[in-house]
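Student: Sequence:
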Amino acid sequence: MRKRRATHAVARRLGLNVNRVAALVQRASEAGLLPVTTGSNRPDLSHRQLATLLIAAVADNGLGNAPGSVREFAALSAGALRFDDWLESLIAGRVNAEPILSVVLQLDPAAVTVLTGATQLEFGNAAHGATTRVTAISGEALRDLIEDFQNGVG
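Quick note on my numbering: the sequence shown kicks off at 1 and runs consecutively.
Please note that a few of the clues may not be correct.
For each label pair, taking beta carbons as the anchor points, the in silico distance ranges come out as [stated by the list, open to error]: (1) Thr116 - Ser77: 16 to 24 Å; (2) Val18 - Arg42: 16 to 24 Å; (3) Asp85 - Glu147: 15 to 23 Å; (4) Ser102 - Pro43: 28 to 36 Å.
FYI, nobody ran anything at the bench for these hints, they're computed from the structure.
Virtual Cβ for every residue (Gly too), placed ideally from N, Cα, C.
Taking the hints into account, I'd like the entire structure generated from these sequences.
Tutor: The following block contains the structure:
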């Protein structure tokens, strides 16, 4: 799937402003985290790059902070497992998305919690308080987005 189509799919499935998502993705691209198109060469994004694009869209801590936020969230770990590795595997179909109820991203301090019917997977150290800013993705929206990625639907 090409970057523009993936950007539109993320915005549509997650109810985000497409222009905001495009701006965040552009900042990540300018920082070298996503490919920059040149001329008529517009390659499809890899599973890793789709994961990076998704992180850029949902870990929105300001346009100027987009590259740093992507790097920070990508590097979060649960034991020896990095968040970007888990997300890439999920998009590639190597991790079963069916049991996922939601993915909750805590913006400051950076942390991600994956909730299933049986357990939860914590990337980073989640803070618990009334002033903690979070973004949640439902399991259904995540599964629909992954299906869009796999089918090239934008």
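Student: Tell me if the beta carbons of Asp85 and Glu147 are separated by a distance inside 15 to 23 Å.
Tutor: holds (21 Å)
Student: Is the gap between the beta carbons of Thr116 and Ser77 within 16 to 24 Å?
Tutor: holds (18 Å)
Student: Range first: 16 to 24 Å. Now tell me if the beta carbons of Val18 and Arg42 are that far apart.
Tutor: 18 Å Cβ-Cβ, so the 16 to 24 Å window holds.
Student: Ser102 and Pro43, beta-carbon distance inside 28 to 36 Å?
Tutor: Since Ser102 and Pro43 have Cβ atoms about 32 Å apart, the given range 28 to 36 Å holds.
Comparing the model with each numbered hint stated earlier shows that all of them hold.
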